[in-house]
Structures are given as structure tokens and as C-alpha cells.
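Chemist: Protein chains in written order, with the working numbering: chain A, 1 to 333; chain B, 1001 to 1401.
Read the hints as simulated data drawn from the structure, not as lab findings. Nothing here was measured: the structure is a model prediction, and the numbers come from that model. Glycine included, each C-beta is placed from N, C-alpha and C at the ideal position. Incorrect hints may appear among the rest.
Listed next, the stretches of chain A that the computed footprint assigns to chain B, with coverage defined by at least 3 CB atoms under 8 Å from CB atoms of chain B [what the hints assert, rightly or not]: (1) 39-53; (2) 211-217; (3) 220-228.
Looking from chain B toward chain A, a few residues come up when the C-beta cut is under 7 Å (computed) [unchecked claim]: (4) S1281; (5) T1289; (6) R1355; (7) A1357.
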Amino acid sequence: MVTFGGGARDEETFMPDGQENIPHLLTDLMPRATFFSQMVNRGILGHYVATASLATGAYETFNNFAAVPPDRPTVFEYFRKDLKRPAVDAWVVAPSNGFNRIGESGNRSYGRGWGAGVILPKRLLAAALSSSEGAAYEHLLRDNYETPLYAPDLGGNQIELHQMAEVLRLSVADFAAHARVLASPDELSVYIARQLMRQLAPSLLWITLHDIDIAHSGTYSLYLEAIRRTDRLCGEIWSNIQSEPEYAGKTNMFILPDFGRDSDDDAGGNGFQHHRTGDALSRTTWMMAMGPGVRENMVVDRAAEPTDLVPTLGALLGFDARLSQGKPLPEVL
Amino acid sequence: MLPRELQASQFAGYPPQARQLAAGLVSLLQQLPIGFLPLLLREIIVYDWKFPPERNELEHQLAYLESRSPDQRRQLLAGFEKLHLPHGLEAFDWVNEPGQFSEQLTTHLWATLQIDAFRAAAIDYVRTINAAAPHAPPAMPRLSMVVLGKDVAENQYRLFRKLRPYGVYFNRVKPENGLRILLDAAAARAQAHPAPYGHWYIDGGREEPVSSEGLVRFSYDSLAPARAALQDKMQKTFQSGMGPEAFRTMLARMRPAELGLGDAPDAVLSRFQVSVLTEGSGTQIFSTTFVQWAAREAFRRAQPLTLLLRFAPRQRARPMNELLAETQRKPELDPQGSLVDADMGAYYTWLNQQRLAGAEQSSFLVWFEDHNEAVAIGPALARATESGSPVDLQHLVKQIS
């Protein structure tokens, strides 16, 4: 599962003017995918709460900026409890401290002990660096631009630096050395995801990309640059899947933005910069599904909702997302 | 507190003109629903620092509400009345802190999935108010002129892609003396048709000299001391670990004096400048964002007849703590990225101009500074056409003025 980083509009992706920004999605992935052209998010358009809603299959309503777990069980809990999977089989790679509670819910029947491990690569990198080294890596450590000054206290089950060396068999020195050549936080996330795939080969891996949210700074060029980078990273993730023996030929991948951004036509917003109006463009986006059993080169034009994702994963993998609000998508089953 | 308990004395903390306005309307305000009244007070409390068109619109809105019978008002505001609000919100000091109330209300509406209902109610309300008294046409057709691409030597990006369908794309513009021609054109309009806050020049770098008393003008550079003061406060807030809501409240409460603008001769303009820096996301650190947002707000609030914008290179993207220290160092600039930002900014400026009365008579010009490309849009110009004829900016301005 890959979220296409931080709210992207159709206008800059799949609409004619935007297609130059997504060559990998269009040329490499689209021919292999079933493409849903209308994923309508009817929930809160804040990144953490919307991503949590994606993970639970229900529209969560907590404060987007609070470090709280989702109310309903996450896909990781359904997956692990129903299928009796060990903790190392479900992982989340998340962009910023705000996402540290996304691995498991506060639901009494699931919750503690049934969730996914959460890796916050930026936090690991910050911990790995001495204060004198920080300057060389700061481009990888920036948090989101909607709340640039906010970093909530942690308290989830994210792994810490000393665990990284054990879990990923990656030395702190190697990690820091590799990070130095990367261009953005999302590159760091994908690097960590690759290590996870190679070392632990989890069955369920959730990567939340977030670079695109730089749009909140109002700089269109940086927003486009982030979309192009995210497009390339999605292509690389799919290539990795095909090149890793544990994954090749037996892995499904789903890609979707958490939501869109405001329309140019809504006077209440400021176009691509934010996602505050709740207009149709900010709520409507797309999803690509690919892998074994999924029809290739197929477009589904009916409206679906992002809450349908978890029940669909349940139908594919064999768990019951009993507290989700969505319905399985028959087009990919 | 509920609206029906409202007393005139409770407006004692309002600025003088706002206090007088609100106190004279108490019997009307008492009848408005709690999901609506604080939003109206949010406008009234800043009445003293509103531009003339904003004052007119607010006065018209209040007069319209007063002219309705209780039943008609109830019908008009039914969408707001139906909102389910928690009791805690009523206890909030929405008379003196209507902006903060509005923030909390928005959070609640999103969390309870009522935001779409609120949005529909607001659209209906505004439509009804506007239909009751359509905006008067401007005293002269509006003209916006946008200059972008400073310091870009070569460019591969297809400029003006969103604006070309609405006007003529010129690819043999003579760039000589171009900026001066546009500055003089703005000054001439300001002199010929004086109007309070009617003609503006906003620069994303250093302000160019221009001789006109009637031209409102400021720049990213001229506000450097205010931005430095703000960046310092933002850094300190960052270090204190304050949450986002408290951070926004801190920004919303910022006064010109706190940013060194307390002695500015024009209190309305300095309030506007502070609002651009505190309400606009990215305006404190990126000059391209500053220009685009300032133009948006100028159009929305002051509805100028003339707007001259000049985008300049912004600092390159860096981690937030470095961006916030911009005024303490010599930042590396990104002219090419700024060109792309400004290209979208020009499009948004045109869209915002077209939202105002007299749009069908309005004109627009955007020019790639020191280069040969421009787009001109106006009632006398064809749409989606291209001209390869040599033309100078003087001629283009004349064509659309």
C-alpha cells in the first residue's frame, strides 16, 4: 500500500496537463493496473486522520494534529489477528512524527499487541546524527508544511534507533551514509521500505509518502517537483517488488493519494496550495491496483471510496474488516 | 453565552468604529444563530481596518439582515441554525474572540462531518446577499499587469499555459525599458483616476522607484524587518513545542506594533501587511508566495482598479529552521523554480480579478521580464491566438487599457 504523498490534484497528475508529471505511473504502471478514476473521500481532509481512515476503512474523526491512535481497528490488526501473523509481518513506514500512532488502534478487541511496527525514518535519522552532522541532512528532516512547527510527542510502537540495527540489519553508520545521498524525506522512506522488504519480507507493507505536501508553502514548482519524485518512487517500489524473490509475481500493490487539493475555481481556497474547502476536487482522486488476480489496463469510472480499500484487502488476503464502513471493490477481486 | 443574552456593553473591547457599529445592532445580533453570529462578528471586529469596498459590503449585509422579517431571516439562516454544535462552544468568549471561535467551529464541523452542510449554507447565504444588491461596476475597467522571471536567462518551461486560452500570446515582445513602461502605466492610472486603495504595486524583491501619490506600494524587501520579527517569533514558538492550534492563535493575534509596523502612517495598510504575513502560509519565507497571496487578498478585500505585480526569485527550499532564518543570512535563490511559481501565481491573479464586478471589461497582461513572451487578455482581444509580430509593451498596454 502506497499513499501518493500528501494530497495531489488530478489536474497535476492524470488530467491532460498533468500527465507530464507522472511518466512512471502512466507508462510503466497503468498498463498493469485496474485504475479507479473516482475515489471520493467523504471524511476529514487532514493527512494523518485521512491516512488513518484509509488504514481502518472507516472515516476517523479525531483531531488531525493530535498524537492519538485511530478509534477503529486498522488493517494491520485485522490481518494479524485473523490470520495469526507475527508482529514482523506488518509494517508501516510513515513520514513524520504525527503518524507514529497509525500502526494500531485504541479498539479494545484489537489494539495493543496486534498492530504493525511503525518506522519513522526521519526520527531515526535525527537520532543517528550527532549535532555537528545535522546540517548535511537537514533536507531529509523537514516535517510537513501545513504545521511546520509542530512535532507531537511520540508514544506509539515506532521502532527506535537501536532496534533498527537489529530489525533491518542496518548499521547506524551505513544508514547515515546512505541517507546523505538522498534528496528528500520520501526517498528516505522508500530506502527504509527496501531494507524491510529485503530483510524481513513482510506480507503487509504500508508506505506513506508525503513530500507533495510542500504545496502548503504556496510554491507550485516545488509541488510539481514532489509529484514527479513521488511518481518515480512508485515506479521504483514496483520494480523492487518484481526483483525481490519473496515478492515477485505474488504481490499486489495499491497506490492512491489520501485526497486531492482545492480547485482553482473555488474562491474560498487558493487552488493547489491547500485542502481546506472540501470541494469536489479536494475530495476526489484516483487509485491504482495491480498484481496477481487484478485485471490489467482496466479503468473503473464509477465512484468508490477510500474506505473500500481495507475491506478489499480483507477479501484478497482472507481477513474480515468487520468494523470498517466500506465495501470490497469487486473489480479487483 | 447565547446570542439572545448579548448586550451592547459587551463590545467595549472592540475598536471604536466597530464598537459603535456592533452596539447599534444588538437587537438584530441577538436574533442570529450561534453557528453564524460569531462569523459576522469576526468581520465587524476589524471594521476599523477594512478597505472601503469591504466596509460597503459589510454594511450592505447588515442592512439586508435588518430589513428582513424574523421569519425571512430564519429561512435565510436555516442552514446555520441546523448545525449541531457542542455546548462547550457556547461557553467560549465568541464576542471578543470571534476568530478563535471560528477556528474551533471549523474543527468541530470537520470532525462531525458537517463541513459540507456548512459550506452549502454559506454559499446559499452569500448568493442571496449578492443577489439583493449586485456589486456596482468599477469606476474604470480593471487592469492587472504581472511581471515574472527576473534573473532567468533561459527557460524550457512552457509559460502562460493556463492563460493563453483567454487571450493573445505574443512571442516577439520588445523587452527594452519594459518594467519602466508598466510602472509608469500604473502610476498614470493612479493619477488619472484617484481612488483610496484603488491602485497597487507589489514587488517580490526590491521596490522600484515610481512617482505617484495615489499608488499603494510595498515589497517583500520593504517588509524584511517585519518578516524578521515574525520569523523570530515563529522560531521561538517552534522551540517551545506549542501545538498547531495555539500557534495559529498566536499568529491571528499579532498586531502591527509587534512586528515593528506600529508607527506606520497608514493603519489600514499595515494591518493588511500583517495579515498577509500571518494568515498566508509560506508568505513569510517565499517571496513568490508572498506576491501571489498579497495580490489575492488585495483583490478580495480592496478590489483595486490597477494592480502591478512583479515576482522576484525566492529562496531555494531548505529545512524550515533555515527558511525562517532567511533574513539573518544570504539565502541561495531559485530563479527557475520562481518562474514556475509565478506563472501559476499570474494565473491565480487573473482568476481573482475575474471574480470581481466588471470582469467582462477587465484586462490583464503578463510579461516574462527582459524576454519576448507575453500574454494580453482584454475585451478587444481575441482568445487563444498567437501573434508573431514585433510589439513593444507600450503598445500592448495601450491596446488593453
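Chemist: Give a verdict on every hint.
Modeler: Status of each hint after checking the structure:
With 5 residues having a Cβ less than 8 Å from any Cβ of chain B, the segment 39-53 of chain A passes the three-residue criterion, so the hint holds. For the segment 211-217 of chain A, the proposed coverage by chain B is satisfied: 3 residues have a C-beta within less than 8 Å of a C-beta in that chain, meeting the threshold of three. Only residues whose C-beta sits within less than 8 Å of a C-beta in chain B count toward coverage, and the segment 220-228 of chain A has 5 of them, enough to reach three; the restraint holds. Interface hint status for S1281 (chain B): upheld, as the beta-carbon distance to the closest one in chain A is roughly 5 Å, under 7 Å.
Interface hint at T1289 (chain B): satisfied, since its Cβ lies 3 Å from the closest Cβ of chain A, which is below the 7 Å cut-off. Taken as an interface hint, R1355 (chain B) checks out: its beta carbon lies about 6 Å from the nearest beta carbon of chain A, inside 7 Å. For A1357 (chain B), the interface hint is violated, since its Cβ never comes within 7 Å of a Cβ in chain A; the closest pair sits about 14 Å apart.
Going through the hint list in order, the structure does not satisfy hint 7, though it satisfies all others.
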